[in-house]
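Asks: Chain by chain, the residues run as shown.
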Amino acid sequence: MMQFIHKYGSPKYFYQWSKGWQRWLTVITLLLLGYGLYQGLFVAPTDYQQGESYRIIFIHVPAAWMSMFVYMSMAVSGIVALVWRIKVAEIVIGECAVIGASFTALALITGMLWGKPMWGTYWVWDARLTSELVLLFLYFGVIALHSAFENPRTGARAAAILAIVGIINIPIIKYSVEWWSTLHQPATVAKFDKPSMHMSMLIPLLVMAFAFKTYFLALLFSRTRSEVLAREKNTSWVKEIMEQES
Amino acid sequence: MQLFYSILYRDLMLAIRRRRELANPLVFFVIVVSLFPLGVSPDQDLLSKMAPGVIWVTALLATLMSMDAMFRSDYDDGSLEQLLLLPGPKILLIGAKITAHWLSIGLPLIVLAPIMSLLLYFPTHAMGSLIITLLISTPILSLLGSVGIALTLSLRSGGILSSLLILPFYIPVLIFSTMAINASVNSLPVSGYYALLGAFLIVSALLIPFAVVAALKVSYN
Amino acid sequence: MKEFFAMGGYAFFVWTSYGIVAFVMIANVFVAKMKCKRIFKELRELSEEA
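Residue numbers (numbering that gives the first Met the number 0), protein chains in the order written: chain A, 0 to 245; chain B, 0 to 220; chain C, 0 to 49.
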């Protein structure tokens, strides 16, 4: 286990193995996005309650799922960075924070645009939107702390601690917000609970969710690879790569 | 435990010597609470409805303002580094500092809050719940805040950044406390809320000192 | 086709959502590519100096 982590986490080895992964993930993302969008926009039938506006959920729900998934990835790489001092994991924290914040912002914006035709207002203080908003604040905190330090490694370690404290707190925050919103829910807000989603709607949703996941991984690999090169620019393996390139 | 008491004694003595500085967050609390009637309206119904939220949000902000005092001056004059070198568990040292901070800020807030709540026409029959929620929750505020301040200790503009980091973590405390007070105002059972807050306090008291030790290590790098 | 773009009267909401998501996701990729280029340029200058 230890050897595995150190081997795959060493900057040089990471740079080598991630190249192929990044290429394949990009291809898979494009294929999944194409199929998911086609299924979601053309094939899936109109919803009898919400009309065509429900098609926003094919991007809203995956973005919301990703906002949580990316935070978890960030906290996990935070643990790896703190415990084993893996350089690549330190870089991943900062890159995850930026990508995750953008997913969270997208989930909020699309949620608002979906809410307007459904609820009649852009914003409703319901549990899901409120927890997304709090999650966005948590991402802002990690990004601000990460970039506040002059030494990027110190910044990454500080951000790792914050991310780990955050991951312990997120269930408590989610629970408290849910509880709070059930007490304050205005009666006029219509709920669109759907016990079972029709397959023709579920398939594009799941395909889009996978597409977002592979998109995140491809983007993460790309950003981390550039950052690895930048940090390691004075080492011999980077110089070798540069010589091979030119 | 000897370490705990001696640090606690030292910090409290320092707090008494620096009482003017420590009074600032409390004055801030008083002023901000009295701004609400001026800004919203002196309407009695509206104010009494808003009172729990106003008192609580202002108490959060006042605690955040005071957070800097916990480690800042000890960090600047180097005594924190010496304290961390002391033999014995660092958890106790951190625990003593957090306790001292709560005694010097949380406790005065608990005394001030009921008085200020009268200015907002807060119903007196629910006063007990206001005091009990403050009693359980202000230690949580000190605990959570200490992580933020420890993380940003080596930064020049650490104060504002640490408030930014910590405020989202205060949300559950804010929600549970104000819900408990509102339940008490409406004569509903409140013990469930107290139990939740108490559980939150115990869990944070057990876990947060470790996070603070790790954060201080990063700050000293 | 016209019907498809009208989205049953919800065109504004649906297409703004998809537009913003597409914009942000493409912009993210674009920023990553620019960063990669910048770093390679920097490294090339470094290796030429040496």
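Worth double-checking, as some hints may not be accurate.
[As the list claims (entries may be wrong)] Here are some of the chain A residues that sit facing chain B, going by a computed Cβ distance under 7 Å:
#	residue
1	Leu135
2	Leu137
3	Ile142
4	Pro151
5	Thr153
6	Gly154
7	Arg156
8	Ile166
9	Ile169
10	Trp179
11	Thr181
[Stated by the list, open to error] Below, in silico cross-link-like pairs of lysine-lysine (DSS-like), each with a Cα-Cα straight-line distance of 27 Å or less:
#	chain 1	residue 1	chain 2	residue 2
12	A	Lys6	A	Lys86
13	A	Lys86	C	Lys1
14	A	Lys11	C	Lys40
15	C	Lys1	A	Lys232
16	C	Lys1	A	Lys238
17	A	Lys173	A	Lys232
Hint data in this document are derived by calculation from the structure and do not stem from the laboratory.
Just so it is clear, CB atoms sit at the ideal spot from N, CA and C, and this is done for glycine as well.
Asks: Honestly, which of those hints from before does the structure not fit?
Replies: Hints 1, 3, 4, 6, 8, 9, 11, 13, 15, 16, 17 not satisfied by this model.
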